[in-house]
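Student: Chains as they are written, first to last, in our numbering: chain A, 1 to 104; chain B, 105 to 632.
By construction, these hints were calculated from the structure, which means they are not laboratory data.
Fair warning: this is a prediction, and the values are worked out from it, not measured in the lab.
Fair warning: there could be bad hints in the mix.
In silico DMTMM-like links for lysine to aspartate or glutamate, alpha-carbon gap of 20 Å or less [as the list claims (entries may be wrong)]:
(1) LYS39(A) to ASP565(B)
(2) LYS412(B) to GLU442(B)
(3) LYS433(B) to ASP565(B)
(4) LYS29(A) to ASP565(B)
(5) LYS387(B) to ASP66(A)
(6) LYS70(A) to ASP388(B)
(7) LYS524(B) to ASP36(A)
(8) LYS24(A) to GLU489(B)
(9) LYS404(B) to GLU615(B)
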Amino acid sequence: MSVSLETIEHLARLARLELTPEEKTRYQKEMAAILDYVKKLEDFKAKTVSAPLFSTFEEAKACLRDDEIKECPLSERKKIIEAFPEREDDLAKIKGVFENRKEI
Amino acid sequence: MILQKLKEFLKIEKKFNFYGDSCQIFKLLWNVMPIDISLAIMEIKNIASIKKSLDKKKYSCREMVDFLLEKIKKEDGIIHSFLEVFEKDARMKAGQIDERIAAGETDKQIAKEKILPLLGIPMAIKDNLMYEGHRASCGSKILENFVAPYSAAAVKKLEEAGAIIIGRTNMDEFAMGSSTENSAYGPTKNPRDIKRVPGGSSGGSAAAVAAGFAVAALGSDTGGSIRQPAAFCGVVGLKPTYGAVSRYGLVAMASSLDQIGPITKTVDDTALIFKIIKGRDIKDATSLDNEIKPSVFEIKNLKIGLPKEYFQEGIDKEVKEKIEEAIKKLEAAGARIEEISLPNASLCLAVYYLLMPAEVSSNLARFDGIRYGLSERNSSKDLFEIYTKSRAIGFGTEVKRRIMLGAFALSSGYYDAYYKKSKEIQKVIRDDFLKAFEKVDLLLTPTAPTTAFKLGEKSADPLTMYLSDIFTVSVNLAGLPAISVPSGAAGKLPIGIQFIGPAFSEDLLFEAGRVIEKKEKDSSFRKK
Chain A
1 MSVSLETIEH LARLARLELT PEEKTRYQKE MAAILDYVKK LEDFKAKTVS
51 APLFSTFEEA KACLRDDEIK ECPLSERKKI IEAFPEREDD LAKIKGVFEN
101 RKEI
Chain B
105 MILQKLKEFL KIEKKFNFYG DSCQIFKLLW NVMPIDISLA IMEIKNIASI
155 KKSLDKKKYS CREMVDFLLE KIKKEDGIIH SFLEVFEKDA RMKAGQIDER
205 IAAGETDKQI AKEKILPLLG IPMAIKDNLM YEGHRASCGS KILENFVAPY
255 SAAAVKKLEE AGAIIIGRTN MDEFAMGSST ENSAYGPTKN PRDIKRVPGG
305 SSGGSAAAVA AGFAVAALGS DTGGSIRQPA AFCGVVGLKP TYGAVSRYGL
355 VAMASSLDQI GPITKTVDDT ALIFKIIKGR DIKDATSLDN EIKPSVFEIK
405 NLKIGLPKEY FQEGIDKEVK EKIEEAIKKL EAAGARIEEI SLPNASLCLA
455 VYYLLMPAEV SSNLARFDGI RYGLSERNSS KDLFEIYTKS RAIGFGTEVK
505 RRIMLGAFAL SSGYYDAYYK KSKEIQKVIR DDFLKAFEKV DLLLTPTAPT
555 TAFKLGEKSA DPLTMYLSDI FTVSVNLAGL PAISVPSGAA GKLPIGIQFI
605 GPAFSEDLLF EAGRVIEKKE KDSSFRKK
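This is chain A alone, in the form it adopts within the complex:
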């Protein structure tokens, strides 16, 4: 299966990755090879199409805790805040979300 340059660029945008031209050609080739390998799945025809694994709400619900707010320990909170690359008091500081917004 061939993968177009446009597809690679589209995926890179979705994945928020800046790729160099060399990387683009490289991934174009490598992804094509990997997709050729996984092509064998196409031929698989289940006699009865089974439900995907762990897909039901009942299955998922069994492991959920009550929906309630639990305080994060102060020392943990402090360390998490300290890890912010840029901050103002206890808040993470970022560039404006709606300024210079690119169309995705």
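Please build the complex by placing chain B on the supplied structure of chain A, with the hints as guidance.
Tutor: Quick look at chain B alone, frame taken from chain A:
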């Protein structure tokens, strides 16, 4: 001391072979020079031997830790199994333990030991496990300076059991790889042959245990990342049943497949550590408190299945021979060997290389240069560019490749054909295993199709590298437990045998592993 050793050596070897013997003498000098020889013969073989020595005061905990740190300093420069050694912390903890041992009365000590089954045991942890106040970089540049704000549940349990965490080990970046060559901090080398890889992604943990730097280590296994390096380095590695060990504090790669497990020198040590780290944790919704089925083990009653699809092609001749030898030994011991079929085995790797990247692409979306880790905020003109630049600079080639592949499998137009279809086949693969376990108790396969390969041998072609996971990924897809136990070697390169069991049958895996271990011991004893 050195002279005496040299004399002994020269006396035994009548003919002096210039090259070989010079190497031997150099090695001998290298081994004894900076450390006291009395420490070099310390018994640090396994957890039981350390406990015995500490108990009988053959050495103190501090002496043992000092010895290991010295050994790491001297030998790990070449092997590179550690990314960081927690020297100060380890020495301090060892000192504290010595004080406690000195202060405690005998009976109290015994009582203590029951609560602290790992008291004074030096352990290493993979770099994707959080250990409060210490860095956890996942072998990636994007987390180079990230300090864990809390400890992973499994790490906390080790500490509470008395273990000393001596360092964090090298790994393929974000656990993506089968050779530890994808680490942003350079590859780890196999202690058995430094021209070869230790396997991966928990290559640092396996190498550290094999080299004797730590008596045990934790790794993580998403598609074979504990078992394959354990096989390559000649140590024991367990991938527990999905949900048996809490993943809280393990940096996620593919959440539905990841499990934390031990890497040790003996099956007993793996069993001990597994018992300590397992159990339901409220902070991991997928963790379970299922009782591990205790096995009433008798080799005579054991039915072992050989999945015929796993023995067809692509296995090295030497690996095949050693596995067949092990099978014969099991048969001689009374086990019943039966050929069985896992009809969809040929699809496992393809399913894995779609589901895993899909989860990778969403799990790794959190590394965006905003909340932690590498951030290109100063060189970017807007928010979008902070994301794309931080990720471009912070992630390595394999990580980017899998993120792209995952984005592809999940993108509209391809989701049904790739992701959804893979989830459907995953169910069929799991059903194949369930059917097999109606007929047999355990399955036996090689852990990897080859022995440790050379550095650089497979790094140019991702697909070839992926093929080294061919016998391990199916276990993760089916959520089952599996153990790799050393079983012979091709020259100096170890070969691993894999036992796969039904969910929560870890005890049975340990029993089967012990049979292989015992046979190994007996045969190496005979050789001597």
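Student: Compare the structure with each hint and give your call.
Tutor: To see whether the hints hold, each was checked on the structure:
Proposed proximity of LYS39(A) and ASP565(B) is supported: the alpha carbons are some 18 Å apart, at most 20 Å. Between LYS412(B) and GLU442(B) the alpha-carbon distance is near 10 Å, which keeps this suggested pair within the 20 Å criterion. Among the hinted pairs, LYS433(B) with ASP565(B) is inconsistent with the structure: their alpha-carbon atoms are about 37 Å apart, more than 20 Å. Distance restraint check for LYS29(A) and ASP565(B): the Cα-Cα separation of roughly 11 Å lies within the 20 Å cut-off, and the hinted pair is therefore satisfied.
The suggested pairing of LYS387(B) with ASP66(A) holds, with an alpha-carbon distance near 12 Å, which does not exceed 20 Å. Restraint check: the Cα-Cα separation between LYS70(A) and ASP388(B) comes to about 15 Å, which is no more than 20 Å; the hinted pair holds. Of the supplied pair hints, the one linking LYS524(B) and ASP36(A) holds, its CA atoms being roughly 18 Å apart against a limit of 20 Å. Restraint check: the Cα-Cα separation between LYS24(A) and GLU489(B) comes to about 18 Å, which is no more than 20 Å; the hinted pair holds.
Between LYS404(B) and GLU615(B), the direct Cα distance comes to roughly 13 Å. Compliance with the 20 Å bound is thereby established for this hinted pair.
In this structure, only the earlier hint numbered 3 is contradicted, and the remaining ones agree with it.
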